[in-house]
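2 protein chains.
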Amino acid sequence: QTIMIPSKLQICLLIAGYLTYLMVGASIFQVLERDEDRKQQAAVLRMKEDFLQNFSSLTPVEVEIFVKKLTEAVRMGMDPTGNENSNWDFSNSFFFVGSMLSTIGYGNLSPKTAGGQLFCVVFALFGIPLNIVFLHHIGKILSLLCERLAKCLYRKGVKKKTTRVLTLLFFLVMGILVFICVPSVIFQVMEDWTYSEAIYFAFITLSTIGFGDYIIGRQQSKRYFPYYRMLVAIWIIFGLAWIALLFNLLTNLLEDPDAKPAEELLPVKPS
Amino acid sequence: QTIMIPSKLQICLLIAGYLTYLMVGASIFQVLERDEDRKQQAAVLRMKEDFLQNFSSLTPVEVEIFVKKLTEAVRMGMDPTGNENSNWDFSNSFFFVGSMLSTIGYGNLSPKTAGGQLFCVVFALFGIPLNIVFLHHIGKILSLLCERLAKCLYRKGVKKKTTRVLTLLFFLVMGILVFICVPSVIFQVMEDWTYSEAIYFAFITLSTIGFGDYIIGRQQSKRYFPYYRMLVAIWIIFGLAWIALLFNLLTNLLEDPDAKPAEELLPVKPS
Ligand SMILES: [K+]
Ligand SMILES: [K+]
Chain A
5 QTIMIPSKLQ
15 ICLLIAGYLT
25 YLMVGASIFQ
35 VLERDEDRKQ
45 QAAVLRMKED
55 FLQNFSSLTP
65 VEVEIFVKKL
75 TEAVRMGMDP
85 TGNENSNWDF
95 SNSFFFVGSM
105 LSTIGYGNLS
115 PKTAGGQLFC
125 VVFALFGIPL
135 NIVFLHHIGK
145 ILSLLCERLA
155 KCLYRKGVKK
165 KTTRVLTLLF
175 FLVMGILVFI
185 CVPSVIFQVM
195 EDWTYSEAIY
205 FAFITLSTIG
215 FGDYIIGRQQ
225 SKRYFPYYRM
235 LVAIWIIFGL
245 AWIALLFNLL
255 TNLLEDPDAK
265 PAEELLPVKP
275 S
Chain B
5 QTIMIPSKLQ
15 ICLLIAGYLT
25 YLMVGASIFQ
35 VLERDEDRKQ
45 QAAVLRMKED
55 FLQNFSSLTP
65 VEVEIFVKKL
75 TEAVRMGMDP
85 TGNENSNWDF
95 SNSFFFVGSM
105 LSTIGYGNLS
115 PKTAGGQLFC
125 VVFALFGIPL
135 NIVFLHHIGK
145 ILSLLCERLA
155 KCLYRKGVKK
165 KTTRVLTLLF
175 FLVMGILVFI
185 CVPSVIFQVM
195 EDWTYSEAIY
205 FAFITLSTIG
215 FGDYIIGRQQ
225 SKRYFPYYRM
235 LVAIWIIFGL
245 AWIALLFNLL
255 TNLLEDPDAK
265 PAEELLPVKP
275 S
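If you read the sequences in order, they're chains A and B. Heads up: take any position in the first sequence, counting from 1, add 4, and you land on the working numbering. Heads up: take any position in the second sequence, counting from 1, add 4, and you land on the working numbering.
Pulled out of the complex, with its shape left as it was, chain A reads as follows (with noise of 0.2 Å):
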């Protein structure tokens, strides 16, 4: 059993036109929210401003009723402290797009208008089985690693079985400390968790569960690296494509426990 290696064409050409398609809707994305996002986070820096200058005239009623709109606002995602740059920038924009089309799916930002809802619902719908593809490839490099680990050993002499079960454990321990462990680090030095909080953020991020309690990059007291965001998208990249893997081998074996977990390491088809 082999399995192809997509030509090195074939590659760039899908990453081009992967992340022209992310580009190109983070620019749509941004073209169709910042005037409404600017607008609500301007009204409600505005009415915080005006509770700021009337408060101490105020009822404890209407104290209360600002409480109210003040959640309200925090949960639509404005930000009254009024500290964060513009919610839709490119970077921003661009980080949302990625979030949405691998399913991740934060939620920090979100479209308002029913134009920017309904793009993103015709933008997913064919970016979602584009992502889908990209991932399959990436997945097929890190079998190949693990492939190539096997033959390697067999030639040695190694027996089968003992190849098998050596090659699922290199793919197991090494991708945990890979993709989990050793980023786990960084996010805990970068944005002031703690270790448990990292590997729970990586989790969560990489089996795009994504719940948006916490995110990369938020600390505005911080000040991160100039290429941080560009590695931990890297992160995600092939790290969701060893976790599909790993879940794809879970998968196998709860629907056919009697199966051989090597060979559902390698689910591409050889072709």
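One thing to keep in mind: the hints can contain errors.
Any copy will do: because identical chains look the same in the list, a pair fits if it lies in one copy or spans two.
As a list, the in silico BS3-like pairs of lysine-lysine whose alpha-carbon atoms are at most 27 Å apart [what the hints assert, rightly or not]:
(1) K72 <-> K116
(2) K72 <-> K226
(3) K73 <-> K226
The hints are simulated quantities; they were obtained by calculation from the structure and are not laboratory data.
Mind docking chain B with the ligands on chain A? Use the hints.
The following block gives chain B with the ligands in isolation, referenced to the frame of chain A:
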């Protein structure tokens, strides 16, 4: 090509196992999170009460600090208006677990304690594959419906190619009607959303993006009919299976544009 129908016993066991897993998980999360959540919720309400009693004697800077703290509390999932029921009652906990295992991850509720976060990782690691197996079976049932239609048409003398196109159309049109258009009418009425917001919610949920900007059952002014949440849960289960088939179809089209689409409707290999 025929699809093996899983035996009724298998289906019953799977449903029972899945429901048990969900219910055990929901209970454990309750135990782990309820106290901490109550504490935090009480702290926010106390902070607000303190503020309401003293605001007229505070300086604008102190008021600004209050706004900042309030913003943080709302982002953490607290409710300073004090209207909502306990976050971690059984119904909410169950819905949380379901949203996690389906990887929708709305994020309106998420674990705050280190224990809850750790349990989250372990619970989802095995729960997500279990959920995938479960949805596979639902998907098989949906595929089977399409296959029956195809056989019926074929028997009536319709050409193979026409049969394929008609089956595909049936899958798409009926699916969009049953899983998107009709439920959206209900959401529009029940949640006071516009129809386009309801469509957006339906798609964001079934695609498992789950931004969490729209969530059902949160309108405090509305009375929901008794089995509303249960109906929504059933909609999600069948809808997720349907949209998984749809994405599978689109993924296959992207990977191999020459493939015949109706065969991809039946992604489950004959066995
Ligand atoms: K998600
Ligand atoms: K999500």
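Q) Are there hints from earlier that the structure breaks, and if so, what are their numbers? A) none
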